[in-house]
Structure formats: structure tokens, C-alpha cells
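Chain C is fixed; fit chain B onto it per the hints.
Protein chains: 2
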Amino acid sequence: MTAKRYDVLALGNAIVDVIATAEEDFLATHGLVKGSMALIDEARAEALYAAMGPGKVVSGGSAANTIAGLASFGGRGAFIGKVRDDELGRLYRHDLTALGVGFDTPAASEGPATARCFVIVTPDGERTMSTYLGACQNLTPADVDEATVAAADIVYLEGYLWDPPAAKDAFRKASELAHRAGGRVALSLSDSFCVDRYRDEFTGLIRNRTVDLVFANEHELKSLYQTGDFDAAMQALRAENVLAVVTRSENGVLAVTPDGIVAEPVFPVERVVDATGAGDLFAAGFLHGLTSGREVRDCLRLGALAAAEIISHVGARPDVNLKTFAGNNGLL
Amino acid sequence: MTAKRYDVLALGNAIVDVIATAEEDFLATHGLVKGSMALIDEARAEALYAAMGPGKVVSGGSAANTIAGLASFGGRGAFIGKVRDDELGRLYRHDLTALGVGFDTPAASEGPATARCFVIVTPDGERTMSTYLGACQNLTPADVDEATVAAADIVYLEGYLWDPPAAKDAFRKASELAHRAGGRVALSLSDSFCVDRYRDEFTGLIRNRTVDLVFANEHELKSLYQTGDFDAAMQALRAENVLAVVTRSENGVLAVTPDGIVAEPVFPVERVVDATGAGDLFAAGFLHGLTSGREVRDCLRLGALAAAEIISHVGARPDVNLKTFAGNNGLL
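Heads up: the sequence lines are chains C and B, in that order. In short: position in the first sequence from 1, add 1268, done, that's our numbering. In short: position in the second sequence from 1, add 1268, done, that's our numbering.
The shape of chain C in the complex, shown without the other chains (with noise of 0.2 angstroms):
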């Protein structure tokens, strides 16, 4: 549908998940909230990671799992992030590239390791993350590509930008020279403790136009509004007079649009293995629908199926093709 070289540009940290499982009680005893990211230092990660049980490593980032999941989708893609040259820096080239996402970025030749994120999931599905940024930081407005920006139909960035010093300015760039091509650029709020820390920021984002559209899950859209009442949350963000979509869990996904709200029921699960990767896959499939002319209904279907089967096993990165699965569901 578009004329553009790429549907989406995704923009995110580079980011390798370290996943393993353990039971409630590991959350307490190392001081970790249930469900949350927190940003731990190089020692820290040290000390978690010799705490915790065996792991699957495999690549993730917020944006670039969501970039993977829309080359799935047959969607054409291409990721900025940083990496460091070293092995897992190569793992993490490699699983993007393989799926034909478009990912030039120049891996660091000096300071911190690629970054790693240690999830930890519990009996309920649920994950818990601690991440070390390592090589992210080194993320600057440089490795921004105005000829890859401007080929993009629409740029995709994540909230989590703004934890690394010089990735906002990344952010902020992108997005400029989107709008001057003619581009569009949307904002995942990625985290409800992440939209606290930076509250402002985002509601500016949206109030001055530098995003066009906003991906956020139930608990984010409380944080920005600061409220308990998801109701209240959905008015105030209706009056910001943006393209939005709201997930919330098993209670359904929304579209806050122009014409008013569109409502789908998520997609049935047999057993939620993995939580990890369900608001970035939902992004994925709503992207994909949306970059290939689908109505919004359509596009809330197609987030839904993505998520869902992201959520059936370990790991933020799809296991099947999601266009073969969804054409199996009727979707595509």
C-alpha cells in the first residue's frame, strides 16, 4: 500500500533477553517488582544473574521484537539500536537480519557490553525484568539514518528511550525527519514505571505533535494520567486528539480514533507460558495491518493474534511465521 521503501522503522534499544524461570518467592527475595523493568548497573547484573537459574537466551528490545514480529507478518522493516561488537551482539544482528529486517546500525567498538535484560517468569506467566543497557547508551543522534528515516512509512519509537542519555535525542531527531518526509511516527509508552519516570516528557510528545500515534497498555495509561480510574484515563486520553491504542490484558484491546472507540476481544490462549512481548507484538500486528491498508477493527484482530501467540511459549520473538498463522485464522 505504501510507496516506501520500509513499512516500519523501529528505533529501541538493542537489547539480549536472558529468560528464566523461578518461583514467586525469588521476586522478593531480590527486591524485584512483579511485572516490572527496572534498570540495574553492570554489578548489579553481575549479582542477578549468578542468582538465577538457567537461562534461554534470545534476542528482544522492545521495538525490535516488535519489528520482528511485523517482518513475520511479511511486513517490510528496519531497526536502529545499538549493539557492542561482541558475541551476543552478533546473536542479535544475526536474528534480525535473518528475518530480512533492514538493521545498519554500527555495533560499538569500545565500552559496554550489548545489553542484556534478565527476565525472570513466574508460575502465572508472568515476567519481571531487570535490565542492564550496557552498549544502548552509547546510542546517538549519529545513528539516526536520515535515508533510512525517510524511507519509512511510518517510524516506531520506544518509551524506554529515554533511559539512556543520548537515545531521547535519537528520538527526537527521528522524529523530525519523519514529519519532513512525509513519514509518520508513533510512541510505545513501554512501561508503567518507565511513564513515571518520565510522565511529562511523554504527555509533551503527544501534546506538540511528535507522535502521531500511541501504543499503551491499561496500566501505562493510568501512570500518564495519573489515576486509578481506567475510565478516567480513557476520557483524558481522548482529548489529546490522537490516533491511540490501549491493551488491556485479557480484558481486550481499544482504538481511540477520529470517529470514536473500536473494541476487540483478545485472541483465546490455551496457556499464558510467557507474558514477554505481548504489548510488542500486539504493536506488530496492529502496524502491519495498518501499513497495509487495513481497516482498525482489522488491525486491533491482527495485534491480538500476534500477542497471543507470543504469550504461548518462552520468548519475546514469534516462534511460527505470523502471516502462515494468521491466514490459518482467517485473518490475512
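Bear in mind the hints are in silico, worked out from the structure with no lab data behind them.
It does not matter which identical chain is used: a pair holds within one copy or between any two.
Heads up, simulated EDC-like pairs for lysine to aspartate or glutamate below, C-alpha to C-alpha not over 20 angstroms straight-line:
| no. | residue 1 | residue 2 |
| --- | --- | --- |
| 1 | K1436 | D1464 |
| 2 | K1591 | E1291 |
| 3 | K1591 | D1293 |
| 4 | K1591 | E1292 |
| 5 | K1490 | E1518 |
| 6 | K1441 | D1480 |
| 7 | K1490 | E1469 |
| 8 | K1436 | D1411 |
| 9 | K1591 | D1566 |
| 10 | K1302 | E1518 |
Using the frame of chain C, we list chain B on its own:
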């Protein structure tokens, strides 16, 4: 039951698995023989990895998988194997020691990288492996610590140790030391192609009593005795007068004992997701039963249970605590 410090000491190739799914035609395109393990050099490893889809990285290695399974059952295990002092080598050590497995073999500070096995899982759940031995080639008899061997009730050795040049000497040294200390020695035949490479040496190990217990699957047994007829192979095996355990995929498991053959069915699984590690984990359950003084039939059942757990998910290390899993299934 045993007075020794370790129930089982495993000696094997220390290999990180990189697991990816692919359609059947990927095997033909890349000259891979379905269900086999082939050795590849570094150049071929690079080429194969570049052609593969995104991978899940998990610690593997046949004997190491077995000792991880034993530890998950609550057994006391140790491991001897060679990694390089690189990122994957550190991941590897973490994943074993996090389970309580003793693993003191020093990492190589020079030479090839930590070994990796590229595992291609086809839609039927079958796995095809290509192994770059890397640092495993530096495992020597000097790595076989006498005190550790003497402290083990059973020393478990994988046939794959015949591939790297010096490891077979480490194998022989471990067997001698074990017998001298009153321990028993077990051999896994590893793979039918491995048996084909070292048939005479393997039968020699059985006939000269270097090993007291043999683990084989149906294909390996047929390869050992160069027959396509399972009954003929079993007859040849019985003539060896060695305790032996044979797995027959979905057709059940057998033990050849001085008192005759004991047979048990497989443990039911909903869907075979990834067959990697089925034999390794069968051995883990059997050895745990044996070292905790159970009857052969119960040892077979524990083996079948562990194999069923491992083939129901991606990766060759258990996703759940096997002691709990066995308890929930009325076995422990």
C-alpha cells in the same frame, strides 16, 4: 543411597545449542541429514549460521544435558568439559552451576571459541544438528580430576568424546580411575553416525569392561551391530553380558539385565515440539533412579518421564523441576 559425594559425574563435550526452526527443504538445501549430528568446521559454522533463522541459545551437550536433568531430579551431579573463557563459555558454566552441578574444569584462555551446535527443528519436532567443536578440542586427560572421579558413584561418558582428538584419552582415564575407586562407568552411544565412526572402539569398550552400563537408542544399536533388524541387534547386545538400556522413540524403553529384559512404555506427550535431548534426559531419569537404589522398572519410568518433559518444549534442558514433575506424576 550412595556414600559417595556425587551420584553421577558426566564427562562430555561442552556445547551451546543455537536452536532454530526451519521447513524440511532447508535440510536438503544445506546438505543436512535429518535426525543426525554432523561435525562442521568454523567456516561451515559461519555459513550455516548466516543461512539460519533467529535462534534460541541454550546450554547443551549430551552428557551435560543428562547431568542437568539429574540435578533437576535432586541428584548430586558433577561435570567435566571444556569451554573457552568467552561470553558463551560463561553462560554455559552459569547454567550448570545454577543447578548445583559441580563444574570445575578450567576454561581455555586461548584457542577456539566455546563449542556450538546449530540445531534445526523441522515441523515434525525432529532435530538435525551441526556441531562446531571449538574449545572441546582442548579437553585432555589433565582435565580429569582424580578426586572428582573417585567421588562419583557412576561416571557417565558420551560416545561423542571420540570426536575431539584428546577427549577419548580423558574418557579412558576417567574409566580407569572410576573403577579403581569402586565406581561404575556408563557409556552413551550418542548417535548412529557416531557409532558408525567408532564401531570397533565402542564394542571394544563394552567387551573389555571399560564400561559397565550402556545407553543406546534403536538406531545406534542397529548401527553398532550393523543390522537393520532390531531383534538381531538385541540378541547381539544380550550376548555382551552388560547392563544396557535401549530407547525406541514412541515404541517404549527396555533394559537388558542379568535377569532378562524389562520393558516400559513411553510417557505420553501432547505434542513433540523438539526432540532434542530426549535420549539425554532419558539417561538422567534412569541414572537418578539407579543411584537412588530403585528397581530397574522404576528407573525406566523416571527416564521416560524426563524424556517426555524435554520433547514437549524447545531446548534440551528441563523447563520444570523434574523432582516436582515426577512427584506430580506419582513417580517419586
